[in-house]
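Number of protein chains: 2
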Amino acid sequence: MSEIELQIKTMAANAKVAARRVATLDTETKNGILHAIADGLVNATESILAANAKDMATANQNDLSDAMKDRLLLTPERIVSIADAVRQIAALQDPVGEVIDEFTGAENIAIKKVRSPIGVIGIIFESRPNVTVDAAVLCLKSGNATILRGGREAIHSNTALAKALQEAGAAAGLPADAIQLIPFTDREAVPALCQCDESVDLIIPRGGKGLIEAIISCSRVPVIKHLDGVCHIYVAASANPEMAKEIVVNAKAQRPGVCNALETLLVDQAASSQLPAIAKALSDAGVELRVDDKANEAIASAAPTTAASDEDWDTEYLDLILSVKVVDGVDAAIDHINTHGSGHSDCILTEDPAEAKLFMASVDSSTVYHNASTRFTDGEMFGFGAEIGISTDKLHARGPMALPELTTYKYEVHGTGQIRS
Amino acid sequence: MSEIELQIKTMAANAKVAARRVATLDTETKNGILHAIADGLVNATESILAANAKDMATANQNDLSDAMKDRLLLTPERIVSIADAVRQIAALQDPVGEVIDEFTGAENIAIKKVRSPIGVIGIIFESRPNVTVDAAVLCLKSGNATILRGGREAIHSNTALAKALQEAGAAAGLPADAIQLIPFTDREAVPALCQCDESVDLIIPRGGKGLIEAIISCSRVPVIKHLDGVCHIYVAASANPEMAKEIVVNAKAQRPGVCNALETLLVDQAASSQLPAIAKALSDAGVELRVDDKANEAIASAAPTTAASDEDWDTEYLDLILSVKVVDGVDAAIDHINTHGSGHSDCILTEDPAEAKLFMASVDSSTVYHNASTRFTDGEMFGFGAEIGISTDKLHARGPMALPELTTYKYEVHGTGQIRS
Chain A
1 MSEIELQIKT MAANAKVAAR RVATLDTETK NGILHAIADG LVNATESILA ANAKDMATAN
61 QNDLSDAMKD RLLLTPERIV SIADAVRQIA ALQDPVGEVI DEFTGAENIA IKKVRSPIGV
121 IGIIFESRPN VTVDAAVLCL KSGNATILRG GREAIHSNTA LAKALQEAGA AAGLPADAIQ
181 LIPFTDREAV PALCQCDESV DLIIPRGGKG LIEAIISCSR VPVIKHLDGV CHIYVAASAN
241 PEMAKEIVVN AKAQRPGVCN ALETLLVDQA ASSQLPAIAK ALSDAGVELR VDDKANEAIA
301 SAAPTTAASD EDWDTEYLDL ILSVKVVDGV DAAIDHINTH GSGHSDCILT EDPAEAKLFM
361 ASVDSSTVYH NASTRFTDGE MFGFGAEIGI STDKLHARGP MALPELTTYK YEVHGTGQIR
421 S
Chain B
1 MSEIELQIKT MAANAKVAAR RVATLDTETK NGILHAIADG LVNATESILA ANAKDMATAN
61 QNDLSDAMKD RLLLTPERIV SIADAVRQIA ALQDPVGEVI DEFTGAENIA IKKVRSPIGV
121 IGIIFESRPN VTVDAAVLCL KSGNATILRG GREAIHSNTA LAKALQEAGA AAGLPADAIQ
181 LIPFTDREAV PALCQCDESV DLIIPRGGKG LIEAIISCSR VPVIKHLDGV CHIYVAASAN
241 PEMAKEIVVN AKAQRPGVCN ALETLLVDQA ASSQLPAIAK ALSDAGVELR VDDKANEAIA
301 SAAPTTAASD EDWDTEYLDL ILSVKVVDGV DAAIDHINTH GSGHSDCILT EDPAEAKLFM
361 ASVDSSTVYH NASTRFTDGE MFGFGAEIGI STDKLHARGP MALPELTTYK YEVHGTGQIR
421 S
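Sequence lines, in order, name chains A and B. So the first sequence is residues 1 to 421, counted in the working numbering. So the second sequence is residues 1 to 421, counted in the working numbering.
Incorrect hints may appear among the rest.
Keeping only pairs whose Cα atoms sit at most 30 Å apart, straight-line, the calculated DSS-like set for lysine-lysine is [as the list claims (entries may be wrong)]:
#1 B:K163 with A:K209
#2 A:K225 with A:K9
#3 A:K245 with B:K113
#4 A:K113 with B:K225
#5 A:K113 with B:K209
It should be emphasised that the hints constitute simulated quantities derived from the structure, not laboratory data.
All chains should be modelled from the sequences, with the hints used to inform the complete structure.
Laid out in structure tokens, this is it:
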């Protein structure tokens, strides 16, 4: 075992011990710790900014893009808003202990299905340092211990944030090792953490495809993934034209760089007369259209287009680009989405309830929409109050993930001496 | 890619296509298929028994144990009871489409959390051929496609059962490739299946530790494991002595070879006066006692004992052997269980509700008991009507798993044209 593997194994074992303590903290104690953390972060502003300045200097040396640098940058205002987010999580309902179901088993044993913490959660993320705080605090509120592994670019910022959080938390009763940050940037740490299945219960990666692929390939610990969002809207024959235009433009152009933005527009042959107006509105919003032959014909001179290649149907542009295809009815749309989609968010625009029902039941995605923009797939928009990610997996958690998704359940059986015969 | 990898990949891709069809079958159609399968199995008794005879002949040549041969053997009565189990599954409520939660999001979008099939489930199992039918039929009822991989010893029986099931199902509307059995026994097939994460959504292994370890090590597909059951009972100071004796003997001796049987007895120092009577009752039931020093002292001459080694505290005997330890209070019991247990089923015997509450909240196991035998951890005893296994994992499913655990959920959002601002 290498020295790094040994260090990670020790951190994981310590986290497991801490997890038992965190699991039984009552709501009041957890909220007290969260408020102390929020205050502690603001009080540590100076040292956090000093650490962040080191990361920013490296970012400048390495010629990181302006977008990357903006993600990395901390300011007094950003620290205040990170602290506010912690206070908001304190205000959310504690999921631990909730009785999900209650029934009677054989011999009249009383069975309760009770929400309980998962245990030790590893969060592996890139860049944005506020994730250090968000993830740790969501895991704490849901009764879990956390091991955080941030990106190399943010190591000084993350270390300062973690230190502020640990010190302020400890003073308010946070068990030792309940929140740990891997203090070095060696690549080896990620596979080492993913091998600790005797102590770590769940890995949540937040980052690019490369990171996630590396984790899936090596992990013995279960992983909940947030992969890409190749989101579709299908405009059916009966779609309301005004609504279709507004929703398509919103889903594509309101914020094109996010995972719930539209990437492919499917239009029923029988609705192709709606295409010119939609295409023009998209083009006016600065969207480049990559189209199949039939879509090209339908759009005619309403907007500039280029021919889509096979690859376009599987591409998450995260940009002002949209692929457009004319299909023959709802079944063809469902087949296209289930083949080329990523199981994130897909939508049908139709005034026909039976067609909507078929689409919603058949499309195999975390969130299916009828007559609303795909941009709503988001913990905040769903009213969850917080979000640790959006799962494109099907097991355990699907779609926007908040506090309840950071818990499991146990069966509590209460008897009066029952034995099995 | 080897020829076997290619074959498995093709089966998985076909299963994915089938899964879309199975997902939208209505309850009546699925139940019709299940009844046709039940009838078809009974009608194919002759060919199933002929195939089973081949497996039994090989088992005899290979000198398999009597217990193994009994697990392998099919008889006309056993085929009838396999068919009856299928009819019972038909009678269970269809989980697909159940609205788990319903709420309103931003801009008044109407959000429903709806139970939906997982997709393609790979079941990898050993020996007992009835699993071929049970697993396929549970997956079908919950709207999933299945790829079955049975043990080498049962290949002829499994093939005959699968053929009967597929033919009878097809005549009643079972989509092609919805239930597939891997038709060869090459070891390579298991890792090949576990690599098909583009088509397979979940692997459920049912078998020994070696099989499960091999699967975890290579799988890119999520795995839900049923590992060992190192189950504990803690006898607290206030335990009712008569109840303690009865429950401990029942949990250990009623059926020692199963995963919810007791393996370690913990007794509070203050309850050690109860140990002689418990030890004598266990000894009378044929149980060998492996004890620590204090337990040995307490038992004195009430029953024969041997000294426990360190290994005993981590051992699932699956036999009439029990390790016994005297501990200092409930905290020490909880620590022992969370360190040495397997997260399966653990019990406290106490008349003190506060102590019970602490134990239930702190012990990190799928099922925690207060004053009842651990032998109740079982889908049938819980009233689930069927069981695909008992999960010792914490993600997605924990404890007895039945139809709902073979589903995921999706969010259905119904709007009236909402866009995000």
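These are the hints, each one checked on the structure:
Proposed proximity of K163 (chain B) and K209 (chain A) is contradicted: the alpha carbons are some 41 Å apart, above 30 Å. In summary, the hint linking K225 (chain A) to K9 (chain A) is supported, as the alpha carbons are separated by about 23 Å, within the 30 Å threshold. In summary, the hint linking K245 (chain A) to K113 (chain B) is supported, as the alpha carbons are separated by about 27 Å, within the 30 Å threshold. Pair hint K113 (chain A) plus K225 (chain B) holds up; C-alpha atoms about 20 Å apart against a cutoff of 30 Å.
Among the hinted pairs, K113 (chain A) with K209 (chain B) is consistent with the structure: their alpha-carbon atoms are about 28 Å apart, no more than 30 Å.
Against the hints set out earlier in the document, a violation occurs for number 1 only.
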